[in-house]
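**Q** The residues making up each chain are set out below.
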Amino acid sequence: MTMHRLLARQIRQATDESGQVDLTRLGELVSAAYEESDSDRRRTDRAIKLMIEELEQTHRRAEQDSLRAREFLDSIIENIPIAVFAKDAKDSRYVLLNRAGEEYYGMPREEMLGKTPEQLFPRDIARIVNEQDRRVVDSGTPMFLEGHLLEVGLNGHDRLVNSRKLLVRDGNGAPQYLVGVIEDVTERITNEARISHLAHHDALTDLPNRSAFNAALDERLERAQEASTSFAVLSLDLDRFKEVNDVFGHPVGDMLMRAAADRLATEADCAFVARIGGDEFMILMPDEARRADVLALAERLVEVIGKELEVDDYLSQVGVSVGIAVYPDDGADAATLLANADSALYRAKREGRGRVCFFESEMDRELRDRRLLQHDLRQALEQNQLLVYFQPQARMDGEIIGFEALLRWNHPTRGFVPPDQFIPLAEENGLIIQIGEWVLREACREAASWPRPLQVAVNLSPVQFQAGDLERSIHQILLETGLSPTRLEVEITEGVLIGDFARALNLLRRLKALGIRIAMDDFGTGYSSLSYLQSFPFDKIKIDRSFISNLEATPQSAEIVRAVLSLAHALNIPVVAEGVETEAQRAFLAREACEEMQGYLVGRPDLIERYLDLVGVAVERRLYA
Amino acid sequence: MHIQYLHWNAAHGWRGANALREPAQLVLYFGGREKLAGGERYRELRGLYPDSHIVGCSTGGQIHGDDIADDEVVAVALCFARTQVRLVEEVIESREASRACGARLARQVMAEDLAGLFVLSDGLTVNGGALLAGITEVLGSDLLVTGGLAGDGTQFEQTLVGADGEPSPNRVAAIGFYGASFRFAHGCAGGWDVFGPRRKVTKSEGPVVVELDGEPPLNLYTRYLGDEEAAAMPGSGLAFPLRIHDEAEPDRQIVRSVFAVDRNAGTLTFAADIPEGCTAQLMRANFDSLAAGAGEAGRQARNALPDGIEGDKLAILVSCTGRRRVMGQRTQDELDAVAAELGDDVVRIGFYSYGEIAPPAATGRCELHNQTMTVTMIAEAAA
Numbered sequence: 001m002t003m004h005r006l007l008a009r010q011i012r013q014a015t016d017e018s019g020q021v022d023l024t025r026l027g028e029l030v031s032a033a034y035e036e037s038d039s040d041r042r043r044t045d046r047a048i049k050l051m052i053e054e055l056e057q058t059h060r061r062a063e064q065d066s067l068r069a070r071e072f073l074d075s076i077i078e079n080i081p082i083a084v085f086a087k088d089a090k091d092s093r094y095v096l097l098n099r100a101g102e103e104y105y106g107m108p109r110e111e112m113l114g115k116t117p118e119q120l121f122p123r124d125i126a127r128i129v130n131e132q133d134r135r136v137v138d139s140g141t142p143m144f145l146e147g148h149l150l151e152v153g154l155n156g157h158d159r160l161v162n163s164r165k166l167l168v169r170d171g172n173g174a175p176q177y178l179v180g181v182i183e184d185v186t187e188r189i190t191n192e193a194r195i196s197h198l199a200h201h202d203a204l205t206d207l208p209n210r211s212a213f214n215a216a217l218d219e220r221l222e223r224a225q226e227a228s229t230s231f232a233v234l235s236l237d238l239d240r241f242k243e244v245n246d247v248f249g250h251p252v253g254d255m256l257m258r259a260a261a262d263r264l265a266t267e268a269d270c271a272f273v274a275r276i277g278g279d280e281f282m283i284l285m286p287d288e289a290r291r292a293d294v295l296a297l298a299e300r301l302v303e304v305i306g307k308e309l310e311v312d313d314y315l316s317q318v319g320v321s322v323g324i325a326v327y328p329d330d331g332a333d334a335a336t337l338l339a340n341a342d343s344a345l346y347r348a349k350r351e352g353r354g355r356v357c358f359f360e361s362e363m364d365r366e367l368r369d370r371r372l373l374q375h376d377l378r379q380a381l382e383q384n385q386l387l388v389y390f391q392p393q394a395r396m397d398g399e400i401i402g403f404e405a406l407l408r409w410n411h412p413t414r415g416f417v418p419p420d421q422f423i424p425l426a427e428e429n430g431l432i433i434q435i436g437e438w439v440l441r442e443a444c445r446e447a448a449s450w451p452r453p454l455q456v457a458v459n460l461s462p463v464q465f466q467a468g469d470l471e472r473s474i475h476q477i478l479l480e481t482g483l484s485p486t487r488l489e490v491e492i493t494e495g496v497l498i499g500d501f502a503r504a505l506n507l508l509r510r511l512k513a514l515g516i517r518i519a520m521d522d523f524g525t526g527y528s529s530l531s532y533l534q535s536f537p538f539d540k541i542k543i544d545r546s547f548i549s550n551l552e553a554t555p556q557s558a559e560i561v562r563a564v565l566s567l568a569h570a571l572n573i574p575v576v577a578e579g580v581e582t583e584a585q586r587a588f589l590a591r592e593a594c595e596e597m598q599g600y601l602v603g604r605p606d607l608i609e610r611y612l613d614l615v616g617v618a619v620e621r622r623l624y625a
Numbered sequence: 001m002h003i004q005y006l007h008w009n010a011a012h013g014w015r016g017a018n019a020l021r022e023p024a025q026l027v028l029y030f031g032g033r034e035k036l037a038g039g040e041r042y043r044e045l046r047g048l049y050p051d052s053h054i055v056g057c058s059t060g061g062q063i064h065g066d067d068i069a070d071d072e073v074v075a076v077a078l079c080f081a082r083t084q085v086r087l088v089e090e091v092i093e094s095r096e097a098s099r100a101c102g103a104r105l106a107r108q109v110m111a112e113d114l115a116g117l118f119v120l121s122d123g124l125t126v127n128g129g130a131l132l133a134g135i136t137e138v139l140g141s142d143l144l145v146t147g148g149l150a151g152d153g154t155q156f157e158q159t160l161v162g163a164d165g166e167p168s169p170n171r172v173a174a175i176g177f178y179g180a181s182f183r184f185a186h187g188c189a190g191g192w193d194v195f196g197p198r199r200k201v202t203k204s205e206g207p208v209v210v211e212l213d214g215e216p217p218l219n220l221y222t223r224y225l226g227d228e229e230a231a232a233m234p235g236s237g238l239a240f241p242l243r244i245h246d247e248a249e250p251d252r253q254i255v256r257s258v259f260a261v262d263r264n265a266g267t268l269t270f271a272a273d274i275p276e277g278c279t280a281q282l283m284r285a286n287f288d289s290l291a292a293g294a295g296e297a298g299r300q301a302r303n304a305l306p307d308g309i310e311g312d313k314l315a316i317l318v319s320c321t322g323r324r325r326v327m328g329q330r331t332q333d334e335l336d337a338v339a340a341e342l343g344d345d346v347v348r349i350g351f352y353s354y355g356e357i358a359p360p361a362a363t364g365r366c367e368l369h370n371q372t373m374t375v376t377m378i379a380e381a382a383a
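For the protein sequence lines, the chains are A and B, in the order given. End of the first sequence sits at 625 in the numbering used here; the numbers just go up one at a time, nothing left out. End of the second sequence sits at 383 in the numbering used here; the numbers just go up one at a time, nothing left out.
Simulated from the structure, these hints should not be mistaken for laboratory data. Quantities reported herein were computed from a predicted structural model and do not represent experimental measurements. We treat Cβ as the ideally placed atom computed from N, Cα and C, and that holds for glycine. The reader is advised that the hints may include incorrect statements.
[To be verified] Derived CB-CB ranges, DEER-like:
| id | chain 1 | residue 1 | chain 2 | residue 2 | range |
| --- | --- | --- | --- | --- | --- |
| 1 | A | G19 | B | A304 | 34 to 44 Å |
| 2 | B | D307 | A | D170 | 48 to 58 Å |
| 3 | B | D70 | A | E53 | 22 to 32 Å |
| 4 | A | K49 | B | D70 | 28 to 38 Å |
[Said to hold, decoys possible] Lysine-lysine pairs mimicking DSBU-like chemistry, simulated, CA-CA at most 35 Å apart:
| id | chain 1 | residue 1 | chain 2 | residue 2 |
| --- | --- | --- | --- | --- |
| 5 | A | K307 | A | K242 |
| 6 | A | K349 | A | K242 |
| 7 | A | K242 | A | K49 |
| 8 | A | K115 | A | K90 |
| 9 | B | K200 | A | K49 |
| 10 | A | K49 | B | K203 |
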């Protein structure tokens with residue numbers, strides 16, 4: 001018999017040295033061992049019971065946690081605006097569909113879940129869907145289709161979607177589910193197209209823009225070089241558009257621009273028409289268009305643009321000037337072609353607007369010459385090439401009352417450059433501010449030296465009004481020269497008031513407050529808006545020379561002069577007639593009660609030295625000055 | 001090395017065999033707190049070994065050979081041929097000073113040829129984990145450190161350590177062994193299995209666990225032990241140690257048992273810090289698994305001891321009081337299991353402790369353990 005190790009030990013412990021077993025002791029040991037075993041068993045049982053309870057609790061908690069996590073994920077899937085579905089990988093039966101999916105398929109999930117594509121969709125669509133599903137299941141690689149048209153669904157067939165299908169495997173790696181995601185990307189793709197359109201089109205007219213034109217020109221050049229063909233480039237500029245914009249405001253200007261662009265595009269429908277900025281357009285003619293055809297089109301464009309346009313109750317009229325350059329005669333690359341079309345345009349505008357000009361190499365020279373002149377002008381001031389001429393102004397009875405200061409440029413090699421050539425150049429590059437200030441200072445200094453307190457009139461350019469601190473510089477010059485402000489008269493044209501009307505008006509009021517007189521120059525040309533006369537108390541109106549020189553030739557001119565005079569008189573504004581050259585003109589004006597005159601009849605513009613007697617300088621000064 | 005084995009009982013006083021031919025360098029003794037208190041046993045040993053270092057501690061039962069003795073005091077006198085021994089001691093003022101105390105001890109024993117360190121520490125005042133951290137901080141983690149925390153049966157009132165003096169509380173002794181011939185090997189295993197759900201240490205303050213899964217930990221132990229046994233906490237709590245798993249140190253699997261209870265707060269104090277946020281899982285064992293664990297420790301120690309040993313071999317068995325409490329009369333089984341692994345040629349002595357010191361097999365870093373059997377083998381290599 002094999003005895004339990006513990007019992008053997010207990011017997012050993014209960015046996016004394018003589019080999020006698022102490023049964024009481026043995027009993028105690030055995031009993032204690034039972035007690036130990038019992039309590040160990042109780043503890044174990046208790047632990048197992050508690051452990052089971054605890055594990056059950058833990059399991060329940062874990063289940064609840066996982067349920068919550070599932071609900072959380074479900075609510076995300078349910079609410080994302082992307083259609084999500086899952087299908088059984090074996091037979092493509094739908095097992096999950098979210099709300100966006102219901103909308104996409106156009107049916108509630110109750111109708112879809114548990115069904116195969118064949119049971120749900122028309123046969124041809126079910127076949128496509130099944131083929132895709134099998135491909136994903138067999139290959140194990142996800143499918144991704146971008147921007148394709150809807151195959152099914154109620155949203156209509158004009159929607160574009162991105163769709164994706166991927167395989168989900170079970171724990172053993174066998175195909176279990178196909179998960180699909182369908183995203184409606186119609187808006188995105190439309191937006192992308194719109195953005196791309198915006199990048200290449202002008203927002204106002206929807207015509208191609210400068211960058212689109214450049215791309216088209218490059219492409220055309222490349223093709224023309226390969227095929228040895230020729231084509232024409234038209235550069236167009238709307239005449240008087242800026243004024244319309246300024247007078248009627250931008251909303252009307254915009255409408256006019258759209259209407260003009262529309263007319264251009266319609267008339268030149270065979271060509272590539274682009275708006276390249278402001279009031280400029282370019283047209284790329286088809287290949288091999290004959291010169292005559294190009295000219296004919298350009299003239300038609302001038303005609304249609306020139307027709308009156310009724311925009312928002314405003315009747316408006318703009319014109320267009322056209323410059324034409326032809327590849328390859330007028331340039332073999334884009335830069336040359338465009339520059340030459342531009343110089344043809346410049347020539348057209350200079351010749352009187354509403355014109356069409358082909359590029360001629362002479363124009364090229366003219367353009368370069370213009371640049372050269374602009375360059376020289378910068379040095380003119382420093383090198384004392386500029387002069388101030390004075391032209392007398394008189395009452396109708398011949399009494400001299402003042403002088404108009406006039407700028408002249410004596411170019412070292414060209415001689416006298418006409419003011420209408422160089423003043424626009426100075427206005428273009430801003431040099432007019434410096435030059436204008438110089439003229440003002442010279443005129444004031446001169447006038448201040450005259451013994452007789454005659455008037456001196458100085459022209460101010462619109463550019464001077466827009467930039468710099470005109471008020472301060474005039475004030476400064478008066479202080480410097482000591483000329484009384486009441487002797488200074490500044491002449492402005494309508495151009496000063498066009499643009500920032502409020503600012504110009506404010507400035508004029510401040511000048512007038514100094515005691516300076518303000519004259520409205522060139523009245524009768526341009527818009528001659530009567531509102532200007534209403535908005536500011538001008539001290540004088542100058543009738544443009546064109547009306548005076550036509551007094552005898554055209555009866556209308558006389559009527560206009562009469563009308564201006566009676567208007568001015570009604571407003572209590574004295575009038576100066578410019579360009580009076582004959583006694584007959586003087587007599588007419590005197591009859592009509594014109595107050596003052598200026599012109600060859602009184603005296604030509606010249607250096608003041610010629611008029612020293614008129615300003616009261618004695619002959620001595622003339623000799624020793 | 002030669003070993004003289006001695007034991008004391010009230011009837012016969014000290015008795016021993018195989019008197020040493022040379023004077024012993026070191027005498028180790030273990031006994032119950034009542035037997036050691038007062039210093040009588042130490043003075044008797046001092047009379048027997050006037051020139052030796054004499055170091056001992058109170059226990060939860062002494063191991064000598066195959067037996068457990070509660071009424072006897074057991075001792076070994078060791079006579080090394082080529083090994084030097086240094087004994088150092090520190091008084092530990094407070095639990096918080098544990099790490100500094102460890103560092104001070106280590107600095108005293110530190111030497112080029114230090115070959116091993118055996119530590120006997122107070123089992124209640126000391127934060128064993130911090131003490132070892134202090135030691136390792138100075139000596140590095142390569143030096144093998146083993147030992148144990150003194151015990152006080154299942155009373156948890158006072159533990160004593162004496163180093164060349166009368167055993168008294170709040171002391172830590174360390175024995176440094178020096179020289180190339182010294183052989184030091186160890187094994188460490190438990191035999192416990194985790195059971196039940198993982199719990200989170202939701203609040204702790206150093207070694208005091210304040211909340212486990214948001215409730216006082218005493219509640220958990222009371223549920224598992226039943227009201228009757230729970231009344232015997234902390235002793236009865238030894239049946240259910242905790243396995244601590246800290247995410248910050250995933251390789252470290254530490255077993256901790258309760259050694260103090262605050263019944264009002266419902267908190268439990270463990271032998272070392274239990275970081276807040278770590279996972280704790282209850283453990284349990286049966287007689288057979290504990291015995292098997294002890295056998296495993298013996299096997300590790302025996303395998304770690306190299307060949308070429310000259311003279312006697314000593315195995316110091318430090319086993320946890322908790323194990324003894326669970327096993328009762330079957331405690332003998334774990335001693336038998338160790339003996340079977342170690343073989344007949346090893347002298348075995350040891351004690352039941354409040355904590356075991358040894359590097360676990362997994363990390364090799366010296367740690368404080370609870371609920372394990374650790375076996376430290378001491379021998380000398382042939383010249």
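**Q** All the hints need checking, so say for each whether the structure fits it.
**A** To see whether the hints hold, each was checked on the structure:
| no. | hint | verdict |
| --- | --- | --- |
| 1 | A:G19 <-> B:A304: 34 to 44 Å | holds (41 Å) |
| 2 | B:D307 <-> A:D170: 48 to 58 Å | holds (56 Å) |
| 3 | B:D70 <-> A:E53: 22 to 32 Å | violated (38 Å) |
| 4 | A:K49 <-> B:D70: 28 to 38 Å | holds (34 Å) |
| 5 | A:K307 <-> A:K242 | holds (17 Å) |
| 6 | A:K349 <-> A:K242 | holds (14 Å) |
| 7 | A:K242 <-> A:K49 | violated (97 Å) |
| 8 | A:K115 <-> A:K90 | holds (12 Å) |
| 9 | B:K200 <-> A:K49 | holds (21 Å) |
| 10 | A:K49 <-> B:K203 | holds (27 Å) |
Going down the numbered hints, you'll see the structure goes against 3, 7, while the others check out.
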